[in-house]
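Participant: If you read the sequence shown in this note's numbering, its first letter stands for residue 33, the second for the next number, and so on.
Don't read these hints as lab results, they were simulated from the structure.
Dumping the calculated DSSO-like pairs for lysine-lysine here, alpha-carbon to alpha-carbon at most 27 Å:
| # | residue 1 | residue 2 |
| --- | --- | --- |
| 1 | 290 | 261 |
| 2 | 243 | 215 |
| 3 | 225 | 180 |
| 4 | 162 | 243 |
| 5 | 222 | 177 |
| 6 | 162 | 180 |
| 7 | 353 | 415 |
| 8 | 408 | 364 |
Estimated spans, in silico, between C-beta atoms of each pair:
| # | residue 1 | residue 2 | range |
| --- | --- | --- | --- |
| 9 | 210 | 68 | 35 to 45 Å |
| 10 | 68 | 360 | 16 to 26 Å |
| 11 | 356 | 286 | 19 to 29 Å |
| 12 | 174 | 430 | 35 to 45 Å |
| 13 | 146 | 70 | 20 to 30 Å |
| 14 | 179 | 70 | 17 to 27 Å |
| 15 | 179 | 330 | 35 to 45 Å |
| 16 | 228 | 73 | 20 to 30 Å |
| 17 | 228 | 65 | 33 to 43 Å |
| 18 | 228 | 99 | 35 to 45 Å |
| 19 | 228 | 70 | 26 to 36 Å |
Even glycine gets a Cβ: it sits at the ideal position worked out from N, Cα and C.
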Amino acid sequence: METMTQALRQKLLQALQERGIEGCQDVFQEILNEWQGMPMNIAIIGVSGAGKSTLTNAFLGLKASDVGAAEVGPNETTTHVTKYEYPHPNNKKVVFWDMPGTDTTNFPIESYMEEIEANKYDFFLLVTHKRFREIDVKLAKELAKRNKGYFFIRTQMADEVANHKKAYPDSQEDEVVRKILEKTVTELSKLWKGDPNKMRVFLIDSYEKNKFDFPLLEQELINNFDGLKHEVLLLTLPTTNGAMIDKKAECLRSRIWKAAAVSATVATIPIPGTSFLADIGILLYESQFYFRQFGLDSESLRSLADRRGVTYDDLKETVTKALGVEVLSLGKRSFCLLLTALGIGAAFEAESAVEAAVVCLIPVVGQILAASLSYKTTSWLLKKILDKMHAVAKDLYDV
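Take the sequences, apply the hints, and build the full model.
Facilitator: Now the structure itself:
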């Protein structure tokens, strides 16, 4: 830890000398954005017309008409693997692959795994509509041989439930879904004939991301990974529900120490005003990062408004009123408005004044004390900001 701190201090000093406080800001953003450097590849495969492209767009948070979205159509559009990789708009290192249909003549099952270079992917989503076929099971068993993780996904549930209710108007949706799941698992078990624990089935509708098993699918996909890959996927996928918000809050809380450590390191640099400006930069950057992660930004609110059938202006007003300011419009000079709105501005101002005083009065010991003050105060402020945004997001999405 001590070696890391020394190396960080040297890096910050060099950045400060070369580019001033903006150089320091680049350094701490590099540290906090380590997760964006980890590549991940998720393959979505299955028979033609199963809804692979629509599911790809659901994970990307895009509509078919958006730039960067997978093409959606009635015919098999996926015929060549190298043409259909879709980097996530939140993190270009996370790529969802919309694979060729497993039942097309272009890729018979015998050569499919070699054609798609199966070993390059981190996880597989085996997609079907109405029922799983023998070809899906063969594919799963091939993946198991290669120690690759996978889930079975049955799509287009909204249409299936709606059609059932047309035939049986008095039926309850929960009961319909339960029967579909039972039937799906029974049919799949007859084909599977293996360890049932390796037969994870999710019923989803890619246009209804808050319904059926879609929230559970997202959570289980994220939980399938450990360490940095877990963080990568969690911070890349957009916020769509309360469960995702809680997961993100836990992850964001776990990285506060990194921001505080940078703040403490900057505080040991004996240049007046450096620590204060760096702390402002760190707090502003992280606050806006939390804001986006919790889906409180304009793009996320517009998407939520479309799903809920409410107006964007109403959602935006709710967020702005709850936080007291428009977070993404804040700059370094106006950041204290957020702290003041949250009732914690005085603590930051007091810490900055004390920190400057101890460094001036006792340079060597003062730097150590200033570092401690900076670490504790930055941690405390970020926790307060995080808790507030977490609560606002929960009220908004957990309906």
